[in-house]
Amino acid sequence: MEEFSNIINEHEFAIDTVWVALCAALIFFMEGGFALLEAGFIRRKNAMSIIAKVIVDISFGGIAFFLVGFGVAYGESSGWFAFDIGITKADLGLGLTVSNKLFWFIQLGFAIASISIVSGAIAERMKLWVYAVLVVVFCSILYPMVANWVWNPNGWLFLRGFKDFAGSAAVHAMGGFAALAAALVLGPRIKKYNSDGSANSIPGHNLPLASVGAFILWFGWFGFNPGSSLGAVGNWELIGSVVVNTFLASAAGGVSAMIYTHYRYGKIDITMVINGVLAGLVSITAGCNVVEAGSAIIIGLVAGVLVDIAVLYLDKLKVDDPVGAIAVHGVNGLFGTIAVGLFAIDGGVLFGGGTTLLKTQFLGVFAIAAFAFSLTFITMLLLKRTVGIRITKEEEIAGIDESTFGIDAYNYDE
Amino acid sequence: MEEFSNIINEHEFAIDTVWVALCAALIFFMEGGFALLEAGFIRRKNAMSIIAKVIVDISFGGIAFFLVGFGVAYGESSGWFAFDIGITKADLGLGLTVSNKLFWFIQLGFAIASISIVSGAIAERMKLWVYAVLVVVFCSILYPMVANWVWNPNGWLFLRGFKDFAGSAAVHAMGGFAALAAALVLGPRIKKYNSDGSANSIPGHNLPLASVGAFILWFGWFGFNPGSSLGAVGNWELIGSVVVNTFLASAAGGVSAMIYTHYRYGKIDITMVINGVLAGLVSITAGCNVVEAGSAIIIGLVAGVLVDIAVLYLDKLKVDDPVGAIAVHGVNGLFGTIAVGLFAIDGGVLFGGGTTLLKTQFLGVFAIAAFAFSLTFITMLLLKRTVGIRITKEEEIAGIDESTFGIDAYNYDE
Amino acid sequence: MEEFSNIINEHEFAIDTVWVALCAALIFFMEGGFALLEAGFIRRKNAMSIIAKVIVDISFGGIAFFLVGFGVAYGESSGWFAFDIGITKADLGLGLTVSNKLFWFIQLGFAIASISIVSGAIAERMKLWVYAVLVVVFCSILYPMVANWVWNPNGWLFLRGFKDFAGSAAVHAMGGFAALAAALVLGPRIKKYNSDGSANSIPGHNLPLASVGAFILWFGWFGFNPGSSLGAVGNWELIGSVVVNTFLASAAGGVSAMIYTHYRYGKIDITMVINGVLAGLVSITAGCNVVEAGSAIIIGLVAGVLVDIAVLYLDKLKVDDPVGAIAVHGVNGLFGTIAVGLFAIDGGVLFGGGTTLLKTQFLGVFAIAAFAFSLTFITMLLLKRTVGIRITKEEEIAGIDESTFGIDAYNYDE
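Residue numbers (my numbering), protein chains in the order written: chain S, 1 to 414; chain L, 415 to 828; chain D, 829 to 1242.
Hints in this document: simulated from the structure, not taken from any laboratory.
Note that the Cβ used here is the ideal one computed from N, Cα and C, for glycine as well.
Warning: the hint list may mix true and false statements.
Stated by the list, open to error - DSBU-like mimics (lysine-lysine), calculated; alpha carbons at most 30 Å apart, straight line:
hint, chain 1, residue 1, chain 2, residue 2
1, L, 681, D, 1020
2, D, 955, L, 681
3, D, 1095, S, 393
4, S, 267, L, 605
5, L, 798, D, 1221
6, D, 1095, L, 681
7, D, 1095, S, 191
8, S, 267, L, 606
9, D, 1095, S, 127
10, L, 681, D, 1221
11, S, 384, S, 267
12, L, 681, S, 267
13, D, 1221, D, 955
14, S, 267, L, 541
15, D, 1019, D, 1095
16, S, 384, D, 1095
17, S, 192, S, 359
18, L, 730, L, 541
19, S, 267, L, 798
20, D, 1095, S, 192
Claimed, not checked - Chain L side only, calculated, beta carbon under 8 Å to chain D, not exhaustive:
hint, residue
21, 422
22, 424
23, 650
24, 653
25, 773
If we strip away everything but chain S, and leave its shape as in the complex, we get (with noise of 0.2 Å):
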């Protein structure tokens, strides 16, 4: 009998590390998405620029996710943060059923799509190595810090019972404020604004090829939020209700988003559409695993008129996001968490739940959202004040490609 009891053990590993292992390459594959999407969306003299970007995002953050941030997230925590270098051999009090590498390599997926999203805010702008020491804090510190809070289970917001389950506090509120943060000090882009206050519209170069990133994010997706289970054995009814919220909000998102913005413009805004999907995927990301199907078309309906009112909002406010990340992810990412409070089948407010856990939700996406600010405020002020964070003006009118990379992103002539 015990032989059998190892083999069954052998087994459950090798399962959720199949199961773990593969939903990790679906999340790490989103970081082509974000630089595709991000790419088409801004202006073709930029294009290879923001991809760099996303790849510094990978390369630097990731290497500092591994140096420094996965221990001051997971290490031995005091409820705020931890600090053991690097990938610590020790059981981690998660009852993980794979290796803590690999739990690693999912948890750096989470952090790089974090850091992403503020790739999008800063695009066209911004100094290239000065980001990437944006990249190696926020991957070290910022972000590990508010993964200790909702994920360790000696974390403070997970001792309150706050539910994120796959983090549109801890990812896409912490990236999106963390994003409207690095956009204020950085100012808008020449010409973004007029002297009268509006908006001028700087229509990205290749929507097709932002519509390659959209669609694998949209895949990586069914990655990120299953994957969130860390393991499949004990989780096969989960991982159904999971996939099909996940899938059913971004579906009411685009469709929210094309009826909305039809009615209120005359026409439909194809890139807020895009945009109302990827909300819709955002608002879901905290309750996929507590709410009901119905709820969830809900709350994807919500997110795909949310984000157009948020880009019209931010851009009264003359913040340039030129790829919408914050109203993306920092407002639905907010809005999801908060929505938890209201749909969770137990204990949401809608539910008979009471507000205790509503109150929760408040105070734990509030709290984030405020860390991430401030923090990448603080950071990005320090890095304006001795090194600079802005290209020149000569720069910023000749492209990032040009005067970076000595290099034009597309070549027809021959």
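For chain S, the structure is supplied; the task is to place chains L and D on it using the hints.
Positioned in the frame of chain S, the structure of chains L and D alone reads:
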């Protein structure tokens, strides 16, 4: 011992959940493949409109398949259709080892693949909102009825022993003949055919983009076909055969299309080679579980030639199918379904099985093609007579992207 | 108890089948990565020709590997090669826990990856049909012989303890040195080198497209390396190590290429950063299962610099490799294989293991590189003397897309 039984049962569900969830994710990603392939194969001025139509397939089609379609397909069946709202919790009688919700998600992939075939054939001239109505009808009623016939254990074709493993008939012929009807009612694009009956070639605007789509589809098919096993436990040999047959037929389709177009036209037709690969995939989809590897090669070789002949023939009939969807999916779905009757190891004519299976395959696929064609024809006609299906001549000349969205897919100036 | 044994055995096969089938699908998708990376890095006028060549790799190469190559690699081996037609049903002596057919499919991915390296180096000037002959020779005989040496349990390098987990030598050095021979026999593109020996830069026509390819390759590598475990049962720790090492080396390659090109040229070379990431991946492929995470970072850092040095050195030798395939795969495949002899925890020089392993690694990879180079050189020379390998000067100036297919990859007019 009972404890072991429970654990072993739990493991089986976990293994099959990992398998189906990830195959379903790959199948879902094929929507990106459809969108980009179709966008690349049509003109620049309609590139985003076709991507929008695929987003409509996913979002409107997906919600319709959730609210209505799945119940029609897999509810308590009369043999022809069922009607249960949503995903019932009851046993669907399919011996599933995954949750009903996860089963829904993989079936969703088939449903939206089928309607995405139609989106290609109506490209560059159909009104977007009216197309959304067609999508809802198709994903609520038409496709689910056929899925009921073929895969519901009470379906009339299922009971007759009709063999269509992953849907050459139920998905591809279904979509392809619906596409034929839609293209016929819609009529050809302006200047596609001359008064003497000859056709003008309207080249795709971005063939590398189409190639991105083709590679995504090719990749996704390795979820589509083996994932139709609906579980891995007990299926390790089956899954090996399915992937090898799927690969070999696609490779053979590429080889024969390359050789055939070289000899027929003096120059290789590279877009036809891409379609040859896809035709090979479509044609092996019905029989990938019951034919030998050598037969898969033969089926693929035929498909790669058949697709070119079909494209030419459809042009003679003045059926304007901008991306070749009818030839790839309709004609090769038909061929692939019939090929099962010839090549099935157990029951195929060429393997001494007599003609019973072949007759069933003929009956089934022609019933499906006739149903798809006639019901789509009627739906399109109703829409034409009421709300109108076709954009204005001015809109068609300007392009749908300009007229519906007010944008240009590419802005290379800055 | 026997019943339990059977079930447990069945579960093991199911788990490993899920793992290998999905990793193999990811590996297969890398072909899309090769095609798009290569297309983006060359000129517009040849974009579809290189995609066609990768389709030839897959389709002609795949069928050749099915009919002949697999038997040469994994048949009853003499130590140097075997010859069994097709996929034999017998036990291959590898202790497989997946079907022979599924094993064939994952091996196919390695074979066509290897030849796809060659397709990059011969871009823009080789005849398509003659290339197809090279592909068939390579996938029938050349690559399979090397796979036999390294991975067949009777292979002479296998028996000597040569370590090449996922193929830095057998796939990448093999492809890279075949590419070197092919590029040498073919000669440089018109106007690539000046009479004074200096090289002209011929920029890629669509770097975002190349980036799509790079992200697909990066993603697929998380099937390529961990999938080489050929099963998950018993390998949960191994798989965690492999994915972490794979990631870290790629990230380090990106970091070092970015820093190095910035300091060497005053401007970051973004295409070299992409190649640095790929070089990191190639160089960790041999040893990802036997080195520590810190070693993976060092290996990646070296690879990211080495690739740039190699590109420059090849240009001095007037070896025209339009996409840098020889530098990325050949040189870094060599380096990565040797690095195992330095960094292997068990047997590496730097870990007190003495020089035995290092010598074996040297011997093995130089044998493979010499074999790949000389046999490809002879094959290309034979083809040159008989049917001719190079397109005419007029065709080269017009572009292969125009001369072979009669098309333009992009048609942006309408």
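Hint by hint, which ones does the structure fall short of? Those not satisfied are hints 5, 6, 11, 12, 17, 22 and 25.
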